[in-house]
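Engineer: With these hints in hand, go ahead and build the complete structure from the sequences.
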Amino acid sequence: MPNAQFEHKWGMVADLDKCTGCQACVIACQAENNIPINTKDYFLQRRAYEWIRIERYWEGEYPNVKARFMPVLCQHCENAPCEPVCPVFATYHNEEGLNVQVYNRCVGTRYCINNCPYQVRMFNYWHPNWPARMENQLNPDVTVRTRGITEKCTFCVQRIRRGELKVESQGGNRLNDETIAGGNYDPACVQACPTNALMFGDLMDDNAAIKPYFDDVNAHPGHGEHDRETRGYRLLEEMATKPSVIYLKKVDQYPLPGKGGH
Amino acid sequence: MPPLPPTRQLIPLALAGLLATAIVAFIVVVLFMSWFSNPPFGWGNAPDQPIPFPHTVHAGAVEDGGHAIQCEFCHRNVTTGAAATVPAVEVCVICHKQINGANAKADVAEPETLINIQRVIDKHADGRPIDWERVHRMPDHVRFVHEAHLRFLTQGEERVVTLPVGNEEPMTLPVPVQEACTVCHGDVAHMEEVQPQDGQSLKMGTCLDCHRENNVSTDCTVCHK
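So the sequence lines, in the order shown, correspond to chains A and H. Under this note's numbering, the first residue of the first sequence is numbered 1, with each subsequent residue one higher. Under this note's numbering, the first residue of the second sequence is numbered 263, with each subsequent residue one higher.
Calculated from the structure, these hints are not laboratory results. Incorrect hints may have been included.
Claimed, not checked - If you only want the chain A side, here are some residues facing chain H, beta carbon under 8 angstroms, derived:
| hint | residue |
| --- | --- |
| 1 | I54 |
| 2 | H93 |
| 3 | E95 |
| 4 | V102 |
| 5 | N104 |
| 6 | V144 |
| 7 | V157 |
| 8 | Q158 |
| 9 | R161 |
| 10 | L165 |
| 11 | S169 |
Claimed, not checked - Under the rule of at most 25 angstroms between Cα atoms (straight-line distance), these lysine to any residue pairs were calculated in the SDA-like manner:
| hint | chain 1 | residue 1 | chain 2 | residue 2 |
| --- | --- | --- | --- | --- |
| 12 | A | K166 | H | A410 |
| 13 | A | K166 | H | E420 |
| 14 | A | K166 | H | T342 |
| 15 | A | K9 | H | A410 |
Stated by the list, open to error - Stretch-level coverage of chain H by chain A, calculated; a stretch enters the list once three of its residues show a Cβ under 8 angstroms from a Cβ in chain A:
| hint | stretch |
| --- | --- |
| 16 | 407–418 |
| 17 | 471–484 |
Beta carbons are placed, not taken as given, at the ideal position from N, Cα and C, and that holds for glycine.
Structural biologist: Rendered as structure tokens:
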């Protein structure tokens, strides 16, 4: 059904040059989205819930070694491998370019998790639980997922909806950077990032800060990386998943011997 | 072991058949009950409140012996936020500081009513909340925003819509808040106890019918997030 409300295509830019790997986004996401607290056991079993995670790579050999950080979250692929494998349509693409996970439809087959090349989908192996009294800090806008279903980053859709309602109630007609100054509909990770390494916006908004990066990457798809004017690239571009998240390469001022500047 | 007579041989089969019938019947009954009942309270009965609260007296029309207090006077978040909110005891005491046993006219209030009012005042004096029981409950994966729905019903230019809830008659919008509430909650102002079954069933089909009718988005993330 054509609907005036759907005139968005949400996207994110992660500037690796600014990312310091501080994990503030991980904590912010944990708090915003009612994610259970990960214990040591969860990590050892490789079953930790992290809708956004900081991947760490070492470059070089000791003592000339550098740590590289990369925040990885659901890429909200336009051509998402997780979507066609779901037998119950619990995950689908909506008109705003979001890869949606409907918790109450999910039956926990985990096909989507296995088909996701970015490893950003989490399965609830346990009933979520928090230390007593911490249950009062749960975000009322977000569902507490039960055991046996898959969950993942939603681009904080509850904040987008809240922004839309706010704009509507103020008589505005469209949610963008201008109607809500300062991007109050930003996901928690973007809001928490101390170095502004993460940027969020609407690709259908011509004034969005993320727009030039996407235009550049889209203009030189596939392996045309060297033709690009910006440092932008997509994760696993050769898989043609068309992610809605773009990464900007790190510019290394003091590269390791024998390494390039990127 | 000699073979059993033919009739005896059928006994295990018959038992298995009975068991299968019992299991199927059980499942059918459970499905039937869960479809037609209001999940937390069985067949739609209102839960017992810690202190009886007659909406008839508070919100009912003056000619019916009520005080016609507007819905949003107590449920004051309803026009601004997601939850309508149940008022704090302080809101009760705004009126009941004056309206209580000490200065009530004996012929107006029954003794039982005065006791209940005194319990509200005592709660306030103790600084403790009243543990009201929730009547309209949504599953945890549904997020309903009162503000947006009341804005649709109570604001905007004059228009006639047919809502697939309530009596399904054409309705001229905007309407006052009190009338807007009755669309889903039923005529609460004339309910001694708020009964979930007197309002809408609050099943997902009800929501979807209305969203489709009024060309509102039916994307899952509108309600499930």
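Engineer: If a hint holds in the structure, say so; if it does not, say that too.
Structural biologist: Results for each hint:
no., hint, result
1, I54, "violated, 25 angstroms"
2, H93, "violated, 11 angstroms"
3, E95, "holds, 7 angstroms"
4, V102, "holds, 5 angstroms"
5, N104, "holds, 5 angstroms"
6, V144, "holds, 6 angstroms"
7, V157, "holds, 5 angstroms"
8, Q158, "holds, 5 angstroms"
9, R161, "holds, 7 angstroms"
10, L165, "holds, 5 angstroms"
11, S169, "holds, 6 angstroms"
12, A:K166 / H:A410, "holds, 9 angstroms"
13, A:K166 / H:E420, "holds, 22 angstroms"
14, A:K166 / H:T342, "holds, 10 angstroms"
15, A:K9 / H:A410, "holds, 23 angstroms"
16, 407–418, "holds (count 4)"
17, 471–484, "holds (count 9)"
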